[in-house]
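Start from the sequences, fold in the hints, and give me the full structure.
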Amino acid sequence: MVSVVAQLANPGELANLSTYSLGHSRYWADLGQFALVKTQLNNMMQSLIPAVDDKLQYIVLKVLGTVTGSWKEIDLDESIRMIVAGSSGRFTVGLPLCCNEDYLKRTLSIIDCVTITAIIGNCIPPILLPIVARLSSLDTWSNLIKIKNHITPQYHERMAALEKDTDDQPQDQLQVMLRFVQKKRSQEGYEIGIIATSLAASNFVSMHQTSGTAVQMLLNIIDSDKEFNTIAKLREEAERELGGGSWAKEEFMRMNGHDSVARESMSVTFPFGNRGLLRKVMKVGVVTDGGIPLKKGTIVAFLASQAQRDLAKFLESDKLDLWRFSCMVEKEQEKGEAKKPAYNANSFVATSPDHLPFGHGHHACSGHFLVDFELKMIVAYILKHYDLGFPREYNGKRPSNRQVAELQAPRVDWICSHVPGKPWVFLSGCTVISASVLYSFHCL
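Numbering of the sequence shown is given in UniProt numbering, commencing with residue 1 and proceeding in unit increments.
Don't read these hints as lab results, they were simulated from the structure.
Ideal placement from N, C-alpha and C gives every residue a C-beta, glycine not left out.
Worth double-checking, as some hints may not be accurate.
[Claimed, not checked] Taking CB as the label site, the calculated pair distances span:
#1 Asp102 x Lys296: 37 to 47 Å
#2 Gly361 x Ile116: 25 to 35 Å
#3 Lys62 x Ala248: 19 to 29 Å
#4 Pro293 x Pro353: 20 to 30 Å
#5 Asp102 x Thr68: 22 to 32 Å
#6 Val67 x Arg185: 43 to 53 Å
#7 Glu332 x Gly361: 23 to 33 Å
#8 Lys226 x Gln182: 48 to 58 Å
#9 Gln182 x Glu73: 40 to 50 Å
#10 Arg185 x Glu332: 37 to 47 Å
[What the hints assert, rightly or not] Using 20 Å as the maximum straight-line C-alpha spacing, the simulated EDC-like pairs for lysine to aspartate or glutamate come out as follows:
#11 Lys397 x Asp225
#12 Lys226 x Asp387
#13 Lys233 x Asp387
#14 Lys397 x Asp223
#15 Lys319 x Asp223
#16 Lys249 x Glu236
#17 Lys148 x Asp102
#18 Lys233 x Glu330
#19 Lys331 x Asp321
#20 Lys148 x Asp112
Structure (structure tokens):
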């Protein structure tokens with residue numbers, strides 16, 4: 001099913017406002033940097049997982065604290081966004097920049113400002129767009145200058161590293177981008193401002209959806225715990241698969257419980273809207289299966305929520321069932337039909353017409369495997385080292401999401417607590433982002 005979003009004289013204008021927010025359309029329209037994630041970073045996954053794990057141990061302690069024996073209120077929006085920024089920064093810019101608090105905060109600020117420009121730009125008459133969109137982007141431009149200044153010392157070190165063998169160079173996205181420019185782009189591509197802004201655009205993609213999904217996962221886990229013993233089951237799975245100490249790709253692929261929680265949370269409480277990714281009609285004569293003709297240049301979006309909650313495919317699809325997809329895998333295992341490794345048609349990263357958060361087909365999100373590992377690392381880490389609970393006034397139930405246009409988000413006034421138990425040295429790492437909430441953790 002297709003929803004026609006816009007039909008314009010210049011149809012790309014609504015879909016790509018980065019001309020105003022980031023200074024040039026190339027930062028969003030150029031698919032080269034996203035292809036790098038698919039062809040380069042995904043292949044570096046095995047080496048990135050231990051690096052991100054190490055970073056999580058640092059950033060979680062810094063953000064959530066190590067005090068034991070008392071409840072602590074935590075602003076989920078700020079805390080989790082900072083954790084995600086730090087962990088994602090480990091595989092985008094590497095050390096030491098991923099530990100620079102000002103760099104991380106300005107990166108998050110750019111994400112917020114770009115979002116504001118996108119919302120405003122799609123709500124005003126086209127004649128006002130060049131003026132209003134630029135005014136709404138002033139903070140973005142200011143933060144981009146600061147980001148450039150932060151990156152400059154590391155940039156010069158990385159340029160020198162290009163003379164080394166690939167295996168001896170830093171293993172992160174910044175170095176991958178510089179190698180790509182060296183082989184495929186003109187000298188202009190080396191300009192540090194372009195590199196810094198490209199990283200800012202990439203950070204938007206790597207942090208935004210990860211954070212919102214992780215928040216929904218944690219809230220759903222707490223909400224279902226009393227009835228389904230969710231926390232204990234996920235802790236048991238994490239201990240079974242990750243208890244050896246070193247985290248590797250194969251272990252995460254076997255975490256079917258965490259995988260199911262992630263997919264069901266995206267299907268039922270997906271934070272970023274009811275539709276799939278925007279697409280542009282690229283040729284003449286396209287007609288939908290429902291008989292709707294689409295002109296070349298039309299911007300369309302597929303309705304994701306209806307497909308993901310199709311009653312013909314999923315029993316009680318509007319009811320949150322965190323074990324929906326892991327039960328399917330268990331049935332396959334009982335019949336001897338389960339695939340190895342664990343990725344299958346019902347896994348979190350498997351795109352399909354009834355699972356559209358990452359798009360589908362050739363143009364699906366290239367970084368969804370990174371998101372998969374990040375989410376599992378976050379949830380497994382937090383559940384292992386923290387108890388989670390709602391404040392008393394919630395009566396054990398999570399409040400419903402607030403609908404803002406097509407978006408869903410936790411209510412701004414949510415508050416929870418944090419009760420530490422065991423010594424801080426038992427803490428490890430995690431990754432999350434996004435949601436204007438005060439949340440509660442309990443450190444084991």
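Status of the hints after comparison with the structure:
1. Asp102 x Lys296: 37 to 47 Å: 46 Å, holds
2. Gly361 x Ile116: 25 to 35 Å: 31 Å, holds
3. Lys62 x Ala248: 19 to 29 Å: Once the Cβ atoms are compared, 25 Å apart, the range 19 to 29 Å for Ala248 and Lys62 holds.
4. Pro293 x Pro353: 20 to 30 Å: 21 Å, holds
5. Asp102 x Thr68: 22 to 32 Å: 29 Å, holds
6. Val67 x Arg185: 43 to 53 Å: Because 49 Å falls inside the window, the suggested range holds.
7. Glu332 x Gly361: 23 to 33 Å: Since Glu332 and Gly361 have Cβ atoms about 24 Å apart, the given range 23 to 33 Å holds.
8. Lys226 x Gln182: 48 to 58 Å: 56 Å, holds
9. Gln182 x Glu73: 40 to 50 Å: 49 Å, holds
10. Arg185 x Glu332: 37 to 47 Å: Taking Cβ atoms as reference, Arg185 and Glu332 lie about 45 Å apart, which means the hint holds.
11. Lys397 x Asp225: Roughly 10 Å between the alpha carbons, so the hint for Lys397 and Asp225 holds.
12. Lys226 x Asp387: The given pair, whose Cα atoms are some 13 Å apart, holds under the 20 Å limit.
13. Lys233 x Asp387: 14 Å, holds
14. Lys397 x Asp223: Measuring from Cα to Cα gives roughly 6 Å; hence the hint holds.
15. Lys319 x Asp223: Status holds; Cα separation ~13 Å.
16. Lys249 x Glu236: Holds - the C-alpha atoms of Glu236 and Lys249 are around 18 Å apart, at most 20 Å.
17. Lys148 x Asp102: Roughly 12 Å separates the two Cα atoms, so the pair holds.
18. Lys233 x Glu330: With a Cα-Cα distance of about 14 Å, the restraint between Lys233 and Glu330 holds, given a limit of 20 Å.
19. Lys331 x Asp321: Distance of about 16 Å is within 20 Å: holds.
20. Lys148 x Asp112: OK: Lys148 and Asp112 at ~18 Å, within 20 Å.
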